[in-house]
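Quick mapping for you: the protein sequence lines, in order, are chains A and B.
Here the first sequence is numbered in the working numbering, starting from 191 and rising by one per residue.
Here the second sequence is numbered in the working numbering, starting from 191 and rising by one per residue.
Be aware that one or more of the hints could be misleading.
As the list makes no split between identical chains, a pair holds if one copy fits it or if it spans any two.
Listed next, the in silico SDA-like pairs over lysine to any residue satisfying Cα-Cα at most 20 Å (straight line) [stated by the list, open to error]:
(1) K266 with F229
(2) K232 with E306
(3) K237 with S221
(4) K266 with T203
(5) K194 with D275
(6) K266 with N209
(7) K193 with S248
(8) K208 with D275
(9) K266 with Q240
(10) K266 with L254
(11) K193 with F206
(12) K208 with S323
(13) K237 with E331
(14) K266 with R251
(15) K232 with D330
(16) K237 with A259
(17) K237 with D210
(18) K208 with S250
(19) K208 with K266
(20) K193 with G296
(21) K193 with T295
(22) K232 with T295
(23) K266 with V201
Hints were generated in silico from the structure; no laboratory data involved.
There are 2 protein chains.
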Amino acid sequence: MDKKELEEGLVFTPRFDKNDLIPCITTCNSSGDVLMFAFMNKRALEKTVQSGEAHYWSRSRQCLWHKGATSGYTQKVVEMRTDCDQDCIWLKVEVAGAAVAACHTGRKTCFYRQIEVGSKDGNDIRMRFCDDSDRLFDPDEVYKRYTQIPKYL
Amino acid sequence: MDKKELEEGLVFTPRFDKNDLIPCITTCNSSGDVLMFAFMNKRALEKTVQSGEAHYWSRSRQCLWHKGATSGYTQKVVEMRTDCDQDCIWLKVEVAGAAVAACHTGRKTCFYRQIEVGSKDGNDIRMRFCDDSDRLFDPDEVYKRYTQIPKYL
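Just chain A, same shape as in the assembly (with noise of 0.2 Å):
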């Protein structure tokens, strides 16, 4: 692939992995927060494109993922874009239901814990919880009418 067309064409040529995936980096549309990272492969990337709704790779399944087809909180989605060499993903979301929830722990964003920054040395480094870190649902309760308990959503 010559690098100029990757960088200025405008044919789509995602660059998948040794793995056959591409990262995928989902944010919240309206807030901008990033609200998780997953992969794709080349059908939950054309499933995405087709459908409009995040669809993406299961590394711990081993399946493809529609995700909130469990547990309602599809991710519709609004924007996609990728980056300069095109081995990257970024889709802008609308979480559908009452609370938009995108992490399985029940939160809005799996990243709900800052680490501090400015420590002397890089080991024991210590986090908080953010200020938005609440859980909107409770993850036993939503995901226990299911026989198959996910590991990672």
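Assemble the complex: chain A is given as a structure, and chain B must be docked to it using the hints.
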């Protein structure tokens, strides 16, 4: 590692992949835009935590990469988060310099092209340039002083 401790604990225990890397999403603290996606090794993570400036591992050049060391567009970390299973980093940064550019092509973000969602089939997917895709600097001008031209910064 205990799952509860990993998800709810406050000791930062980053989970590196089989290449000893952890993915990092970098967003603009003021706009919320995703600026870039890169990887960190243990050293890059330590340097970021200690210095408060973003450091990555360059996979193309196989070296520690102090972002902005060449272009001058260093990234000051405003906030650093990890996700539920601690296998991804989210940095909110402020970029130094008059123009705010994170992409080696001279644009403010690496994600300057939109993918058309709702295509009938998954092949021949077209893209368009985003409204904010103008170059803020000329990469040939900025990088020409250096013998080593970065492949994918």
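Evaluation of the provided hints:
no.: 1; hint: K266 with F229; verdict: within (17 Å within a copy, 28 Å between copies)
no.: 2; hint: K232 with E306; verdict: between (37 Å within a copy, 16 Å between copies)
no.: 3; hint: K237 with S221; verdict: neither (25 Å within a copy, 29 Å between copies)
no.: 4; hint: K266 with T203; verdict: neither (23 Å within a copy, 32 Å between copies)
no.: 5; hint: K194 with D275; verdict: within (10 Å within a copy, 37 Å between copies)
no.: 6; hint: K266 with N209; verdict: neither (26 Å within a copy, 33 Å between copies)
no.: 7; hint: K193 with S248; verdict: between (30 Å within a copy, 18 Å between copies)
no.: 8; hint: K208 with D275; verdict: within (16 Å within a copy, 23 Å between copies)
no.: 9; hint: K266 with Q240; verdict: within (12 Å within a copy, 38 Å between copies)
no.: 10; hint: K266 with L254; verdict: within (17 Å within a copy, 37 Å between copies)
no.: 11; hint: K193 with F206; verdict: within (16 Å within a copy, 29 Å between copies)
no.: 12; hint: K208 with S323; verdict: neither (35 Å within a copy, 30 Å between copies)
no.: 13; hint: K237 with E331; verdict: neither (29 Å within a copy, 41 Å between copies)
no.: 14; hint: K266 with R251; verdict: neither (23 Å within a copy, 37 Å between copies)
no.: 15; hint: K232 with D330; verdict: neither (32 Å within a copy, 34 Å between copies)
no.: 16; hint: K237 with A259; verdict: within (14 Å within a copy, 40 Å between copies)
no.: 17; hint: K237 with D210; verdict: within (16 Å within a copy, 31 Å between copies)
no.: 18; hint: K208 with S250; verdict: both (17 Å within a copy, 15 Å between copies)
no.: 19; hint: K208 with K266; verdict: neither (28 Å within a copy, 32 Å between copies)
no.: 20; hint: K193 with G296; verdict: between (42 Å within a copy, 15 Å between copies)
no.: 21; hint: K193 with T295; verdict: between (41 Å within a copy, 11 Å between copies)
no.: 22; hint: K232 with T295; verdict: neither (27 Å within a copy, 27 Å between copies)
no.: 23; hint: K266 with V201; verdict: neither (23 Å within a copy, 34 Å between copies)
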